[in-house]
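Residue numbers (the working numbering), protein chains in the order written: chain A, 104 to 218; chain B, 776 to 892.
These are computed hints drawn from the structure, not numbers from a lab. As the structure is a prediction and not an experimental result, all values here were calculated from the model. We put the beta carbon where it would ideally sit given N, CA and C, even for glycine. One or more hints might be untrue.
Computed list of chain B residues with no C-beta within reach of chain A, every gap over 10 Å [what the hints assert, rightly or not]: (1) Lys789; (2) Ser790; (3) Thr792; (4) Ser793; (5) Leu801; (6) Gln804; (7) Lys830; (8) Lys839; (9) Glu862; (10) Pro885; (11) Arg888; (12) Thr892.
Heads up, simulated DSBU-like pairs for lysine-lysine below, C-alpha to C-alpha not over 30 Å straight-line [said to hold, decoys possible]: (13) A:Lys172 / A:Lys152; (14) B:Lys795 / B:Lys816; (15) A:Lys205 / A:Lys152; (16) A:Lys152 / B:Lys841; (17) B:Lys830 / A:Lys205; (18) A:Lys217 / B:Lys830; (19) B:Lys816 / A:Lys161; (20) B:Lys816 / B:Lys789; (21) B:Lys816 / A:Lys152; (22) B:Lys816 / A:Lys205; (23) B:Lys830 / B:Lys789; (24) A:Lys205 / B:Lys841; (25) B:Lys841 / B:Lys795; (26) B:Lys841 / B:Lys789; (27) A:Lys205 / A:Lys161; (28) B:Lys795 / A:Lys205; (29) B:Lys795 / B:Lys830.
Computed footprint of chain B on chain A; a stretch qualifies when at least three of its residues, placed anywhere within it, have a C-beta under 8 Å from a C-beta of chain B [unchecked claim]: (30) 141–148; (31) 170–176.
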Amino acid sequence: AQSVTQLDSQVPVFEEAPVELRCNYSSSVSVYLFWYVQYPNQGLQLLLKYLSGSTLVKGINGFEAEFNKSQTSFHLRKPSVHISDTAEYFCAVSDFPHGGFKTIFGAGTRLFVKA
Amino acid sequence: GAVVSQHPSRVICKSGTSVKIECRSLDFQATTMFWYRQFPKQSLMLMATSNEGSKATYEQGVEKDKFLINHASLTLSTLTVTSAHPEDSSFYICSARVGLAATYEQYFGPGTRLTVT
Chain A
104 AQSVTQLDSQ VPVFEEAPVE LRCNYSSSVS VYLFWYVQYP NQGLQLLLKY LSGSTLVKGI
164 NGFEAEFNKS QTSFHLRKPS VHISDTAEYF CAVSDFPHGG FKTIFGAGTR LFVKA
Chain B
776 GAVVSQHPSR VICKSGTSVK IECRSLDFQA TTMFWYRQFP KQSLMLMATS NEGSKATYEQ
836 GVEKDKFLIN HASLTLSTLT VTSAHPEDSS FYICSARVGL AATYEQYFGP GTRLTVT
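Only chain A is shown next, with the shape it has when bound in the complex (with noise of 0.2 Å):
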């Protein structure tokens, strides 16, 4: 069976730096990868996916992701930040086939954006 892990569970960091949250996942098989953000009590939205191809992704609001497949990681990066881009990210593994399509999440990691 698929898992995520995050290493971060809180990323502080000023406006307009760089950031990088981490994600590594274990799978026997293939997987679709995901990056989601969650604003307060509301639903999530897809910033980037992998399901073949580059492995670099681009996704919204100028983030981007690299699959490494050596290092089973999937790591959410910004070069620069914005206090709007506070929120909570999940990193996310579909386990295509055999997995049924169920998307696992991790934990999460709190970005959190400071003036």
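Given the structure of chain A, go ahead and fit chain B onto it with the hints provided.
For chain B alone, kept in the frame of chain A given last:
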């Protein structure tokens, strides 16, 4: 993009009563819907996978008799929390899947905050 709605957004019920949460895909047909539960400051835990016209598949540890899931059409799935207790208070999020393989997409509803008093 595709939109998934949930109703109600918030519900307060008394212990021992049942409450139904609706999940609708507004502009697409979803053959598969998922129900998640999220405790404060925690991640989403998958409760069950629901396919239209068939019984839901529950994750280990989820009581199927307590959390009744019905997926009556390609645009509607419902979660009924039966005989609710305070420990059932949580944020419930549904999700709808479209496509396969390279076109795979999963869309999330805004969530329903359930408080059992």
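Checked hints:
Under the 10 Å C-beta cut-off, the non-interface status given to B:Lys789 relative to chain A holds; the minimum distance is some 23 Å. Distance check for B:Ser790 against chain A: the nearest CB is about 23 Å away, which clears 10 Å, and the non-interface claim stands. The claim that B:Thr792 lies off the interface holds: its Cβ sits roughly 23 Å from the closest Cβ of chain A, which is beyond the 10 Å cut-off. In this structure B:Ser793 is separated from chain A by more than 10 Å, as the shortest Cβ-Cβ distance comes to about 23 Å.
No Cβ of chain A approaches the Cβ of B:Leu801 within 10 Å, the least distance being about 14 Å, so the stated non-interface status holds. A cut-off of 10 Å between C-beta atoms confirms that B:Gln804 is not in contact with chain A; the least separation is 16 Å. Against the 10 Å criterion, B:Lys830 stays outside the reach of chain A, whose nearest CB is about 14 Å from its own CB. Against the 10 Å criterion, B:Lys839 stays outside the reach of chain A, whose nearest CB is about 16 Å from its own CB.
Distance to chain A confirms B:Glu862 as a non-interface residue, since its nearest Cβ pair spans about 20 Å, more than 10 Å. Once the 10 Å rule is applied to beta carbons, B:Pro885 is inconsistent with being away from chain A; the minimum gap is 4 Å. With 10 Å as the threshold on Cβ separation, the claim that B:Arg888 sits away from chain A is violated: the shortest Cβ distance comes to roughly 7 Å. For B:Thr892, the condition that its CB be more than 10 Å from all CB atoms of chain A holds, with the nearest at approximately 19 Å.
Note on A:Lys172 and A:Lys152: the hinted pairing holds, with a Cα-Cα distance of about 15 Å set against a maximum of 30 Å. For the hint linking B:Lys795 to B:Lys816, the alpha-carbon distance of about 24 Å falls within 30 Å, and the restraint holds. As the CA atoms of A:Lys205 and A:Lys152 are separated by approximately 15 Å, the hinted pair is consistent with the 30 Å bound. Restraint check: the Cα-Cα separation between A:Lys152 and B:Lys841 comes to about 34 Å, which exceeds 30 Å; the hinted pair is violated.
Distance hint between B:Lys830 and A:Lys205 is fulfilled; the C-alpha atoms sit about 16 Å from each other, no more than 30 Å. The straight-line distance between the Cα atoms of A:Lys217 and B:Lys830 is roughly 47 Å, outside the 30 Å bound, and the hint therefore fails. The straight-line distance between the Cα atoms of B:Lys816 and A:Lys161 is roughly 27 Å, inside the 30 Å bound, and the hint therefore holds. A distance of roughly 24 Å separates the Cα atoms of B:Lys816 and B:Lys789; the hinted pair therefore holds under the 30 Å criterion.
Among the hinted pairs, B:Lys816 with A:Lys152 is consistent with the structure: their alpha-carbon atoms are about 23 Å apart, no more than 30 Å. Only pairs whose Cα atoms come within 30 Å are accepted, and B:Lys816 paired with A:Lys205 is accepted, the gap being roughly 22 Å. Using a Cα cut-off of 30 Å, the hinted pair B:Lys830 and B:Lys789 holds, with the two alpha carbons roughly 28 Å apart. Straight-line distance between C-alpha atoms of A:Lys205 and B:Lys841 comes to about 21 Å, which keeps the hinted pair within the 30 Å bound.
A distance of roughly 12 Å separates the Cα atoms of B:Lys841 and B:Lys795; the hinted pair therefore holds under the 30 Å criterion. Of the supplied pair hints, the one linking B:Lys841 and B:Lys789 holds, its CA atoms being roughly 15 Å apart against a limit of 30 Å. Taking the CA atoms of A:Lys205 and A:Lys161, the gap is near 23 Å; set against the 30 Å cutoff, the hint holds. Our distance criterion of 30 Å between C-alpha atoms is met by B:Lys795 and A:Lys205, whose separation comes to about 23 Å.
Between B:Lys795 and B:Lys830 the CA atoms are separated by roughly 17 Å; this keeps the pair inside 30 Å, and the hint holds. For the region 141–148 of chain A, the assignment as covered by chain B holds, since 5 residues bring a beta-carbon within under 8 Å of that chain's beta-carbons and 3 suffice. A count of 0 residues in the region 170–176 of chain A with a Cβ less than 8 Å from any Cβ of chain B is obtained; the coverage claim is therefore unmet, three being the minimum.
Hint check: violations occur at hints 10, 11, 16, 18 and 31; the rest are consistent with the structure.
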